[in-house]
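For chain A, the structure is supplied; the task is to place chain B on it using the hints.
Which chain is which? The protein sequence lines are A and B, in order.
So in numbering that gives the first Met the number 0, spot 125 of the first sequence is number 124, and the numbers just go up one at a time.
So in numbering that gives the first Met the number 0, spot 103 of the second sequence is number 102, and the numbers just go up one at a time.
Accuracy of the hints is not assured; some may be wrong.
Listed next, the in silico DMTMM-like pairs over lysine to aspartate or glutamate satisfying Cα-Cα at most 20 Å (straight line) [to be verified]:
1) A:Lys161 x B:Asp107
2) B:Lys82 x A:Asp45
3) A:Lys37 x A:Glu7
4) A:Lys22 x A:Asp132
5) B:Lys5 x A:Asp45
6) A:Lys5 x A:Glu49
7) B:Lys198 x A:Asp107
8) A:Lys22 x B:Asp107
By construction, these hints were calculated from the structure, which means they are not laboratory data.
Number of protein chains: 2
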Amino acid sequence: MSRMQKNERIGVITQILTENPNKIFTLTYFAELLSSAKSTLSEDLDIIQEIFNTFQLGRIETISGAAGGVIYRPTMGKEQIAKFCEELCSLLRDSKRVIPGGYIYMNDIVYSPQISSKIGRALANEFYGLDVDMIVTIETKGIPIALMTARALNKPLVVVRKEARLTEGTVIHMNYISGSSKRIQTMSLPKRSIPKGSKVIFIDDFMKAGGTVRGIIDLMKEFEAEVVGVGVFMATAEPENKLLDRYQALLLLDHVNEDQKEIHIRPFH
Amino acid sequence: MSRMQKNERIGVITQILTENPNKIFTLTYFAELLSSAKSTLSEDLDIIQEIFNTFQLGRIETISGAAGGVIYRPTMGKEQIAKFCEELCSLLRDSKRVIPGGYIYMNDIVYSPQISSKIGRALANEFYGLDVDMIVTIETKGIPIALMTARALNKPLVVVRKEARLTEGTVIHMNYISGSSKRIQTMSLPKRSIPKGSKVIFIDDFMKAGGTVRGIIDLMKEFEAEVVGVGVFMATAEPENKLLDRYQALLLLDHVNEDQKEIHIRPFH
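So here's chain A without its partners, still in its complex pose (with noise of 0.2 Å):
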């Protein structure tokens, strides 16, 4: 290949930054991809830092040192966060929403590849400073939001299942009660995917009282893991008082009218 120019450089560095989010590549790995001089390649960078600066396209960072080189974190500002979540309170507060029961249908947004994906961005947003071996969620609504946070923050993803599955090995199995309905429900993981000493975020689409939280907290504590953090789509603003402390939301529901068929939900922050 003849000698590349400094624009397909900065086309070709952006494109697999871009792909593989939160993946240190060293300046070696495209010193050889590129056939280019590392000091090059540290010009090229400085430029794509900028403008992902310029353009709010997240954050290029540098790491020195001998495990040392560039990543990519697909961050959100404060103020796109804000805007994202007005987006996604003017989606939801549509009448046809409300489903018998006081429940909202959502599954069109959180299935949805791009806004998935966004969600998945505001949320790791607040987890880029924690030490972190795995994201875990619960099926089934809230795997595509996990699914996109641990893309984001470039983890493994951990998926509880509701009832045991022989067809996934041997399983720790375990009964917690819903905080909200007190029901007993079940909650099952293969004892392989979680190692001892394991730190892990808990992402989901949905949050009430939070009783399936410490269901998950107490089967982390079965596995000697450690939830680290919490994050989750909607929470809602009743009851106050929830189970665990501290977690992060985007959205947060006051209160569904099934009777004037009206959705009253905002920001979380």
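Coordinates of chain B only, in the frame set by chain A:
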């Protein structure tokens, strides 16, 4: 903002296209974002197209006409897919993956954001030419790869549940017979999730006889929708005659030898 340089424009356009697969952006969009003339942008896009080709990063296509613009398809070449499938086989042949009953532990693979993203790209590869409205999967293990396929194709994802959920409104609930175990299973989907006349692609992690796919085809008939494509991560060699004629797969499972703890698996193509 001062006038942008060519390499800055190429960085921004590359980032936005990569982050939004299979979505058409008009030249007017980029012209306004980057305060540049369309003729200049056309030259930029030629360069981006060339480097994506050279480095096998997918395909940049320009679509002419009133609804025209530029689109990024995260395609993979035949050799790239073959190499990826070989890597997956190497991962899967590990004797520790054999589970009593002749099953294979592959949660870590199908739930990994990096791997599922690549599986989604590889499965989507076969479907860019099709006129499709949405991607359908059935809970639970197929959801991540189905979401990533939907992301590559930029289509909504619909997840069929195995139990009716009253929190999702009126559902169509159906029994079907699994092709290999001959057991009665149920599937359930909110009425509003698929409009009449929709064309869908069904994506799943595993296919043996094809009973689940048959069930999905019947369920889609209830919605007056049509399954126009089927893609699975792994299909079994036996039974050779599946309940459907045409499907895409990445891997072919010949046999699991429980005593010897051997998994005989190979790329499907």
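Here's how the hints hold up against the structure:
1. Straight-line distance between C-alpha atoms of A:Lys161 and B:Asp107 comes to about 18 Å, which keeps the hinted pair within the 20 Å bound.
2. Among the hinted pairs, B:Lys82 with A:Asp45 is inconsistent with the structure: their alpha-carbon atoms are about 34 Å apart, more than 20 Å.
3. Our distance criterion of 20 Å between C-alpha atoms is met by A:Lys37 and A:Glu7, whose separation comes to about 16 Å.
4. Restraint check: the Cα-Cα separation between A:Lys22 and A:Asp132 comes to about 14 Å, which is no more than 20 Å; the hinted pair holds.
5. For a cut-off of 20 Å, the pair hint linking B:Lys5 to A:Asp45 stands: about 15 Å separates their Cα positions.
6. Between A:Lys5 and A:Glu49 the CA atoms are separated by roughly 15 Å; this keeps the pair inside 20 Å, and the hint holds.
7. This hinted pair checks out: B:Lys198 and A:Asp107 have alpha carbons roughly 17 Å apart, not beyond 20 Å.
8. Note on A:Lys22 and B:Asp107: the hinted pairing holds, with a Cα-Cα distance of about 18 Å set against a maximum of 20 Å.
Checked against the numbered hints given earlier, this structure breaks only hint 2.
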